[in-house]
Amino acid sequence: MRRWLWGLLGLLGLALALTFPKSTLYVEGNGKRHLLKVEVADTPERWAQGLMFRERLGEDEGMVFLFPEPTAGGFWMNNTLIPLSIAFFDRQGVILRILDMEPCRADPCPVYYPGVVYQGALEVNQGWFRRRGLAEGARVGGEALKRWPKR
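Here this note's numbering runs 45 ahead of the position in the sequence shown, where the first position is 1.
Some hints here could point you the wrong way.
Under the rule of at most 30 angstroms between Cα atoms (straight-line distance), these lysine-lysine pairs were calculated in the BS3-like manner [stated by the list, open to error]:
(1) K191 x K77
(2) K82 x K191
(3) K67 x K191
These are computed hints drawn from the structure, not numbers from a lab.
On a predicted model such as this, the values are computed, not experimentally measured, just so you know.
Whenever a hint applies, use it, and build me the whole structure from the sequences.
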């Protein structure tokens, strides 16, 4: 039991030490461009960590997940402490679906499936898209998308 606990604590320490590249992104819709500072999740380790254990996220901050291939996978909110909205978008940056996700601190945590095939996802504070009048069909663009992983 003790060995398992120390192993878990060691993995947690590694996860918390994981760093993310910082960049900028915009979401454009209704004739307006909204700028964001983002962290980029572009590797399997960063995809798995995401915004877990974060206690807050600035109003115009977020995390963008970039995948080398189209996917239909879901997002799991395990150990995520803040409510988030997530926009799933294609390789051209077109937002295909926006979902709200709730914090989850203990299993079982729900998995949020978008019901579409996407290649990127943008997590921001819950309600960020709604407060700006952004909906499906809006476009994501900017410097962060230059970090898209190669196939």
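Verification of the supplied hints:
no., hint, result
1, K191 x K77, "22 angstroms, holds"
2, K82 x K191, "15 angstroms, holds"
3, K67 x K191, "12 angstroms, holds"
Checked against the numbered hints above, the structure breaks none of them.
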